[in-house]
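> Each protein sequence line maps, in turn, to chains A and B. Counting from 1, one number per residue, gives the positions in the first sequence under the working numbering. Counting from 994, one number per residue, gives the positions in the second sequence under the working numbering.
Incorrect hints may have been included.
To be verified - Once the Cα atoms are required to be at most 30 Å apart in a straight line, the calculated DSSO-like pairs of lysine-lysine come out as:
| hint | chain 1 | residue 1 | chain 2 | residue 2 |
| --- | --- | --- | --- | --- |
| 1 | A | Lys875 | B | Lys1030 |
| 2 | A | Lys723 | B | Lys1080 |
| 3 | A | Lys662 | B | Lys1022 |
| 4 | A | Lys490 | A | Lys368 |
| 5 | A | Lys680 | B | Lys1080 |
| 6 | A | Lys608 | A | Lys490 |
| 7 | A | Lys723 | B | Lys1022 |
| 8 | B | Lys1030 | A | Lys274 |
| 9 | A | Lys880 | B | Lys1073 |
| 10 | A | Lys261 | A | Lys152 |
Please keep in mind that the hints were generated in silico from the structure rather than gathered at the bench.
Spelled out, the chains give:
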Amino acid sequence: MSAIYNNCEYISKKQVKIIFDGKTYLAYEGDTIASALLRNNIRLVGRSFKYHRPRGIYTCGIEEPNALVQIISEHNEPNTRATIKRVYDGMEIISQNRWPSLRYDFGAINNILSPIFSAGFYYKTFMGPKGFWKNLYEPLIRRSAGLGKPPKNFRSKSTHQYHNTDVVIIGAGLSGLAAAKKFINTKYKVLLIEQDSYLGGVLKNSNKVKTINGLTSQEWISETEKLIFNSKNITILKNTLVTTYNFTNHLIALEDKFAGKKIDLNKSELTLHKIRTSNTIIANGHIERFISFRNNDLPGVMLASSFEKYIHRYGVVPEKEPVIFTNNSSTLSLLKKLISLGCKPKAYVDYRKKDNVETEVKKILKDKEIPFFSDAEIEGCDGNKKVETINIRQGKSFNKLKSSMLCVSGGYNPDIHLFTQSKGLVKWDKNILSFKPDTPFQKTITLGSTSGNYSFKKLCDEINEKLSIFKTKKVSLDINLNVPNKFSIKELWETKKKSNSHWSKSFIDLHNDVTTKDLKQAIIEGFDRIEHLKRYTTNSMGTDQGKISSINSLAIVSKMLKKEISDVGTTTYRPPYAPLSFAAIAGRSTYEFYDPERQTSIHTWHLKNNAVFEDVGQWKRPWYFKAFESETMYQAVQRESKMLRENAGILDGSTLGKIEIKGRDALEFMNLMYTNPFTKMKPMTSRYAMMLGEDGMIKDDGIICKISDQHFIATTTSSGAPKVLADMEEYLQTEWPNLQVYLNSITEQFSTFNISGPKTREIMMKVFPDIDFSNDAFPFMTFKNFDYKETKIRIMRASFTGELGYEIYIPPKFGLELWEEIFSCGKEYNLIPYGTETMHLLRAEKGYIVIGQETDGTVTPIDLNYNWMIGKNKKDFIGKRSLSRPDTSREDRKQLVGLLPINRKDIIEEGQHIVELNELPKKITNPIKYLGHVSSGYHSPNLNHSIGLAMIKGGKNLLGHKFFVTATGKTKNIPVEIVNPVFIDPENKRLTS
Amino acid sequence: MILIKCPYCGERDQSEFANGGEAHIIRPKNPESLSDKDWGEYVFYRNNPKGIFYERWVHTHGCKKWFNAVRNTSTDQILKVYKVNEKRPDLSEFQNTLKSPSGEPSVGSGNFAVKK
C-alpha cells in the first residue's frame, strides 16, 4: 500500500521541503510535484472540473488531465501540471476547485446531482428568465465549475529569442538523438529541442531498450550527448517545449529557465524561442492512451507507461502490488521491472487472447505465481476517494481483487499534434490502431514512434532512409530489447458496465468530466459530426486537449455511427501543443514597454503645473491644468476657456504631425494630395487644407506652409501623422514615380506652441522685442523665420481658437527655455496654459471641426460646408472625382450644423440623437425617425449656455428649424434650434485683429 | 507567420510588412472623363480570388518601399516578388507550384486532415 524508493540517477539525494495544502512534505531535488506526492503516498491531488470528483495523478508528463495544482509561491500560477513542474525547497502548492478542503469538498454534491448534468446541460437549462444568466446562473456556475484561481498581479521578465537554422529536431529521445548524431560536425546548423531536463526520452523513462551498440541505454545517452554537445553546429535546448508549428517552418518553443529552481525575480523566467528552419524533424514520440471503464477516474488509476516512468525517471515506485490492465504488448517491460525490484503485481489482465500474449509474459506470470487473466477486461473499480477493489470480467465470470493501484495501457498514439498543426495529412493505421503521419505539407520529417514505427529494430533504417536528403553519414544502431520488437494490440476502447446506474461513470475526458454516455447522448441529439460533438460535449477541450483520450473518443463515436474511424476524422489540432503562459507571449512588451509613451519637451513643466494628461496616439498631451487640487475637469475647462478669450492662453502643440515636402515637383504633388489649390499661393504664407481618400471622404486636415514651389511643410493631426506620411509615400512610389519629391517626418524636430487670445500681440512683442507683429507686417496666415538666441525659430500667424494667435516652432532642445520665457513675459497679461479639452471647446465655439469628432470617414468637405477649400479648377486631386458621384452629392447627406438649446439652461451632449419627437413613447414599437447626431457639445463659458455641433440629414437647408435631442436616461427630449455652426466672431474680426 | 522577400532588403518576417491589396490597378489618368460606374469600380471593386493573386506589399518597418508579389491565397505561399516597375509575371509560371493545404476542396472549409 505504499511507495518505495528506487535508485535513480536523475534524482539527487538532496532533500527539499515542499508544502501541499498547508502540510510540509519531504521530496528530493529533481522530483516533480507528482513524483514528490507519490513518494509521500499522496494519491488525491485535486477535484474534477464539473462533478468535483476526487482525482489523482494519471500520467507522468505533459498529457496529464487530472493533477493540476496552483503554485502559491509563483505568483499563484494556476492549472500547473503536477507531473512536469519540478519542485524546489520551500515551494508552496495548493489543490484546485475544492471547498472547504480537498478531502471534504462541498461541490461534490454535483456528483450526486450528475444524472442531470449531462451533455448540453447548461445550454438547455439556463435559458431564462431574462437577466438570470448574467446575475445568477453565470456567477454560480463560475464559482462551482472550473479550475484554479487567476494569478496575482506580477511582473514577468520573459524574453523572446530568434533562431534561423537548417534543421530543427523536436524531441531528444532515441530517434531524436540518433538523428542528431547524423548531423554531428556537418555543415548544417541544427537545433535539438527536448522538453525534459535530461535527454533520452523512452531510454530514460523505461527499460524497454536493454542495450544499444553494446552500451547500456544510459551509457549510450551520455556518450551521444557528449558528441552532440562538442559538435559546434548543433545547439541543444533542454526544458524547452515546442508548442507551435506554423507555416513556412516557423516554430515556437517555450523554455523554462527555472525548472526545479526558485524563480529569481530579477531574471527572465521563460524564454520564447521563435525559430525559422528549412527542415523540421519531428521525433516527439508517442502518448499512451487509457481505456474507459466504470470509475476509470478514481485516484490510483494510472497509465502503465507513466507508472514505469516514475520508477525509472523519478526513482519512485508508486505501489508495490498494482494490477496491470493492458490490451497490447508494451507492458512486458513494466512487469519485468517490478519483478526485478522485488515487487509482485496483484494481477495481470490482458484483453488479448491467451495465444496472442507473449510467451515471456506468460512465463514470468507462471514462475512468480501472479494471477493472469487473458481475454479479460476490467469492468470497473470502486473505493472511497481511491481505488480499493477492482472488478475483473473474464468471459461471464467476475473476479473482485483488492488493490490500491491499477496500471492501464490502451495502446499508443503517435504524437501527431505538431505534424497536423503543420497541415500534414494523417492516416489510420490498423496495425497500431491509431492515426499516423502520412503526407507532410511542409518540409517535415517524422521519425520513430511519431511516424507510427513502433519497431525499435527498424528505426535505424528509417532514419538513414528519411534523412538521406541530407549529406550525412549513415548511423548504425544495434538494439537489444526488453519488450517484443513486434507491437501487438487488440482493439479495446471501453469496457461494458455490469449494471446500468446513473451514478457510475465511465469517463472519456477526465479533464472536462465527459463520460462515454455524453458522447452517446450527443449523437442521439444529432451532433454526429466530430467537430460539433466535440463542442457540444466539451470532449477534449480541456487544457490537456484530450491527449490520452481523443483517439478513444473518435473510435467510440465511429462505432456508434457505424462508420470507419477515418471517415469520422479527427478534430482540428491547433496550437499551442500545451498551454503557455501569456507572460511568455508578451515577452518584454509589458507595462511601459507595451505601448511606449511619447512626451514633448515641455512635459516636465506640465507635470509641475498639475496637468492632467490625455493619450493622443502614443503622445501624452495636457488635457487640462488644475488650478487647485479639487478643481474638476469641467471647472478647469470653463476657467481656461474664459481666461483665454479675455487675456491669452498657450497650448503645447508639439504633438501635431509635421511633414516636410521637398523637390522639383513638390507643388504638383501637393496639388494632387490636398483639396486646396497651392499654385497661386504666395511663398511664406499658409493655408488650412484637407486631404481626402479616393472615395472623397475626409482623411486628415492641417495647415500647409509654402516656403517655395519646391518646399512645403504640412502639419497633420497628432494621431494621423504616420498614416498621412505613409499615404503620401504610397502615391509617390506607386502612382506618380515620375514626380521628384522627397518626404520627411519632422514632427519631433520642433516644439510647437500655439499662443492665442486678445493679449497675445503684447506678450509676443515682449518675448521677441525685435520682431514687428503688426497686422501689416505679419498678417493672418503668414509665417517668418527668425534668429533666436543661438537657434532659429519659425513663427506663423494662425489660430484654432478664433482669437488672434501665433504658432511658434523651435528645436526641442530650446523648447522648455522659450516656454518659460513666454510665461515670465506673459505673467502681467494673465497668460494661462491650456489643454486639449479647452482647445476643443474654443474651436467648437468658433465652429471649427476636429477630424474624428465631426468626421467619421463618411464625411466630405461639402458636407461640412467647406466648398471653399476645394480647388475646383484643379484638373485632379485625390478624391475629386468622387465628390460628384451620385451618393456624395445627395442633398440629404448628413451635414454640419450648429445647435442651440431653446431653453438656454438645457445641456447638449456629444453622441445624443436628433429626432422630431418632443417625447419618446413609453414603449417603442416602430423605429423612431433619426435625423442625425450631436458630434460636439459643450457649455460655453463665453456665451453662458450650451452649444452643439451636429451632423444632420440635409442640415444645410434646415437652418432655423426646431428639433429635439434625446436626453440620457429620460423620455422627455430637449428642444433645440438648428443654427449656423459659428457661435463666436462669425466675421473673423478677432482672427485678423 | 510567413517570410517575405523584400526585393530591396531580402527575407524578412511578415510582421515587418503591410499588405496593400490587389496590384496592377492603375489610377485613371483623367478621372473626370470616367463614368460614375467606371470610377466606382476603380475606387471600390477589387478581386479576392482563392489561388493566385497579384498583390502589393510595403516594407513598412524596413525600407518603406512598395513592391508587388504573387501569392497563393489558399496556401499563403508567396510565389514571386518583383519591383513596382517590373513586368507582371505570367500566370503559367506558377501553375505547377499550386497546392492546397490538406487537399481541401476549392469551395468551403471543413476538416480534411485525414487521408483516405
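> Take the hints in turn and mark each one as holding or not.
Checked hints:
no. : hint                 : result
1   : A:Lys875 x B:Lys1030 : holds (20 Å)
2   : A:Lys723 x B:Lys1080 : holds (29 Å)
3   : A:Lys662 x B:Lys1022 : holds (24 Å)
4   : A:Lys490 x A:Lys368  : holds (25 Å)
5   : A:Lys680 x B:Lys1080 : violated (39 Å)
6   : A:Lys608 x A:Lys490  : violated (79 Å)
7   : A:Lys723 x B:Lys1022 : holds (24 Å)
8   : B:Lys1030 x A:Lys274 : violated (48 Å)
9   : A:Lys880 x B:Lys1073 : violated (35 Å)
10  : A:Lys261 x A:Lys152  : holds (20 Å)
Checked against the numbered hints given earlier, this structure breaks hints 5, 6, 8, 9; the rest are met.
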